[in-house]
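A.B. asks: Since chain A is already given, all that's left is putting chain B on it; use the hints.
Here the protein sequences come in this chain order: A and B.
Residue numbers for the first sequence, in my numbering: 12 to 265.
Residue numbers for the second sequence, in my numbering: 12 to 265.
Simulated from the structure, these hints should not be mistaken for lab results.
Since the structure is predicted, the reported quantities are computational estimates derived from the model, not experimental observations.
Keep in mind that the hints are not guaranteed to be accurate.
The list treats identical chains as interchangeable, and a pair is accepted whether it falls inside one copy or across any two copies.
To be verified - Here are the simulated lysine to any residue pairs, SDA-like style, with alpha carbons at most 20 angstroms apart:
| no. | residue 1 | residue 2 |
| --- | --- | --- |
| 1 | LYS185 | SER24 |
| 2 | LYS15 | GLY134 |
| 3 | LYS190 | ALA255 |
| 4 | LYS38 | ILE96 |
| 5 | LYS212 | ASN95 |
| 6 | LYS265 | PRO156 |
| 7 | LYS190 | ARG99 |
| 8 | LYS265 | THR155 |
| 9 | LYS190 | ALA259 |
| 10 | LYS190 | GLU226 |
There are 2 protein chains.
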Amino acid sequence: MEKKLILISNDDSVNAPGLHFLVDCVKDLGEVWVVAPDQPKSGQSSSLTFNAPLRISEYPGYEGAHLLSVSGTPVDCIKLAMHNIVPRRPDIVLAGINHGSNAGNSVIYSGTMGAVFEGCMAGIPSVGYSLLHHSMAADFSECTPYVKSITAKVLAEGLPEGICLNVNFPAKVKIEGMKVVRAARSHWTEEYQNFTDPHGKPFYWLTGRQINDEEGNPETDLYWLPRNYATCVPCSALQNAPAADIAAIADMLK
Amino acid sequence: MEKKLILISNDDSVNAPGLHFLVDCVKDLGEVWVVAPDQPKSGQSSSLTFNAPLRISEYPGYEGAHLLSVSGTPVDCIKLAMHNIVPRRPDIVLAGINHGSNAGNSVIYSGTMGAVFEGCMAGIPSVGYSLLHHSMAADFSECTPYVKSITAKVLAEGLPEGICLNVNFPAKVKIEGMKVVRAARSHWTEEYQNFTDPHGKPFYWLTGRQINDEEGNPETDLYWLPRNYATCVPCSALQNAPAADIAAIADMLK
Numbered sequence: 012m013e014k015k016l017i018l019i020s021n022d023d024s025v026n027a028p029g030l031h032f033l034v035d036c037v038k039d040l041g042e043v044w045v046v047a048p049d050q051p052k053s054g055q056s057s058s059l060t061f062n063a064p065l066r067i068s069e070y071p072g073y074e075g076a077h078l079l080s081v082s083g084t085p086v087d088c089i090k091l092a093m094h095n096i097v098p099r100r101p102d103i104v105l106a107g108i109n110h111g112s113n114a115g116n117s118v119i120y121s122g123t124m125g126a127v128f129e130g131c132m133a134g135i136p137s138v139g140y141s142l143l144h145h146s147m148a149a150d151f152s153e154c155t156p157y158v159k160s161i162t163a164k165v166l167a168e169g170l171p172e173g174i175c176l177n178v179n180f181p182a183k184v185k186i187e188g189m190k191v192v193r194a195a196r197s198h199w200t201e202e203y204q205n206f207t208d209p210h211g212k213p214f215y216w217l218t219g220r221q222i223n224d225e226e227g228n229p230e231t232d233l234y235w236l237p238r239n240y241a242t243c244v245p246c247s248a249l250q251n252a253p254a255a256d257i258a259a260i261a262d263m264l265k
Numbered sequence: 012m013e014k015k016l017i018l019i020s021n022d023d024s025v026n027a028p029g030l031h032f033l034v035d036c037v038k039d040l041g042e043v044w045v046v047a048p049d050q051p052k053s054g055q056s057s058s059l060t061f062n063a064p065l066r067i068s069e070y071p072g073y074e075g076a077h078l079l080s081v082s083g084t085p086v087d088c089i090k091l092a093m094h095n096i097v098p099r100r101p102d103i104v105l106a107g108i109n110h111g112s113n114a115g116n117s118v119i120y121s122g123t124m125g126a127v128f129e130g131c132m133a134g135i136p137s138v139g140y141s142l143l144h145h146s147m148a149a150d151f152s153e154c155t156p157y158v159k160s161i162t163a164k165v166l167a168e169g170l171p172e173g174i175c176l177n178v179n180f181p182a183k184v185k186i187e188g189m190k191v192v193r194a195a196r197s198h199w200t201e202e203y204q205n206f207t208d209p210h211g212k213p214f215y216w217l218t219g220r221q222i223n224d225e226e227g228n229p230e231t232d233l234y235w236l237p238r239n240y241a242t243c244v245p246c247s248a249l250q251n252a253p254a255a256d257i258a259a260i261a262d263m264l265k
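Only chain A is shown next, with the shape it has when bound in the complex (with noise of 0.2 angstroms):
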């Protein structure tokens, strides 16, 4: 029988250690293709590339995966990996593991997400891996009998059509377990801090953090990340509105 495909991009470069480390875990699980920016593209989002051109370097194997690079976001790796890359549909697409939270609100700036959503919609059962620290020295240990887990779960069972998964793990502590839960209603504080350059003028700097709008509800992923539990957000491609919404709002513009 021939090896599982696994297709395996990030955000924060083909050189970051989350991304190897993401390869130590499943490798033993199939033919592990790794396509991922070569350079850091956090808070892409799902932006893709069509106004310019895209280039493809290859690099030596790492621990038996075939390693690529794209000149282009997340998204680029996935569709560029697809048309040209891979030597045959992959079975799943991971993500990560992320150097940072993509929990509450994040998941639609998320440029580890974007690959996952990319998959997700070319019809491939696809997870997002995220571990609650920037640090590129970040300690990923303790995530990984929920990588293999969850990954060798998935490539057994498939996911239901058009949902996706956003796992995220708490950072320095020992996890305690995994909650399925929803992405907590959130926002950022639009907070930019103002500079004056050698010339006199203006430029400024996104800073600011994340407000949670759900403090205390335990059926969400911003509830039990501060706990000590690892999250998993099913998540869905699509943004179409619930049904009664878009009836009440038929009605209004009548």
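C.D. replies: Positioned in the frame of chain A, the structure of chain B alone reads:
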């Protein structure tokens, strides 16, 4: 009574004719502030800039509207506008009129809708407008009554929490009316044109076309647009899967 504050952005840049057309349509409904990318940012989804500085440039006003650009993405425009530019909280966020379709699953890639989701997550009623024609010389005149009417109604009545609107107009036809529907499940063929540069190295350019996976379904936008109807798709910024899928996945991962 203070005038309503209308914040407008887009992804085709501050110079796009569709943006100026949108100002013309809504300038009588309130005080208009345009904050748009200084360069075209199509296909930028909800990407944002946190690893680089942003600049603001101010232009002579247009038809009484304040006109500024930001050296970033549509999401950056909305965030920085709210923080550093508009004199008070906007009553509505508009984006467009986009030169090109945002129907079907294009919404996930759309920079226009990135601005709209950003407004929505900030709790502001938000609407994106798009014309199914990429030309900078496109004729937007058929859109006028719809843009005026939708904007006025949403200003007066608001939208349900967490819901924003994605309005698409057919091009080069008499518009027969508008349908409030959902986005069709659809996907893009991952097609790249392969080139070789003058130095013998390959590069790739995204092309491909949208495939409607729900052909013939009148509940969807891709059904009505080719039949000369405008479509209004209520969208949700949150991408949580339906509760039944969350429960099924919790069971599988036990």
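A.B. asks: Hint by hint, note whether the structure agrees.
C.D. replies: Against the structure, the hints:
1. With identical chains, the CA atoms of LYS185 and SER24 are never at most 20 angstroms apart, being 27 angstroms at best within one copy and 48 angstroms at best between copies.
2. Taking the shortest alpha-carbon separations for LYS15 and GLY134, only the intra-copy value of 16 angstroms comes in at or below 20 angstroms, while the best inter-copy value is 44 angstroms.
3. Within a single copy, LYS190 and ALA255 get their C-alpha atoms only as close as 29 angstroms, which misses the 20 angstroms cut-off; across copies the closest is 15 angstroms, which meets it.
4. In this assembly of identical chains, LYS38 and ILE96 lie within 20 angstroms of each other by CA distance solely inside one copy; the values are 18 angstroms within and 50 angstroms between copies.
5. Taking the shortest alpha-carbon separations for LYS212 and ASN95, only the inter-copy value of 15 angstroms comes in at or below 20 angstroms, while the best intra-copy value is 45 angstroms.
6. Taking CA atoms no more than 20 angstroms apart as the test, LYS265 paired with PRO156 passes between copies only; the shortest distance there is 13 angstroms, against 54 angstroms inside one copy.
7. Taking identical chains as interchangeable, the C-alpha atoms of LYS190 and ARG99 are never at most 20 angstroms apart, the minima being 33 angstroms within one chain and 40 angstroms between chains.
8. In this assembly of identical chains, the alpha carbons of LYS265 and THR155 lie at most 20 angstroms apart only when taken from different copies (16 angstroms versus 54 angstroms within one copy).
9. Within a single copy, LYS190 and ALA259 get their C-alpha atoms only as close as 34 angstroms, which misses the 20 angstroms cut-off; across copies the closest is 13 angstroms, which meets it.
10. Taking the shortest alpha-carbon separations for LYS190 and GLU226, only the intra-copy value of 16 angstroms comes in at or below 20 angstroms, while the best inter-copy value is 38 angstroms.
Against the hints set out earlier in the document, violations occur for numbers 1, 7.
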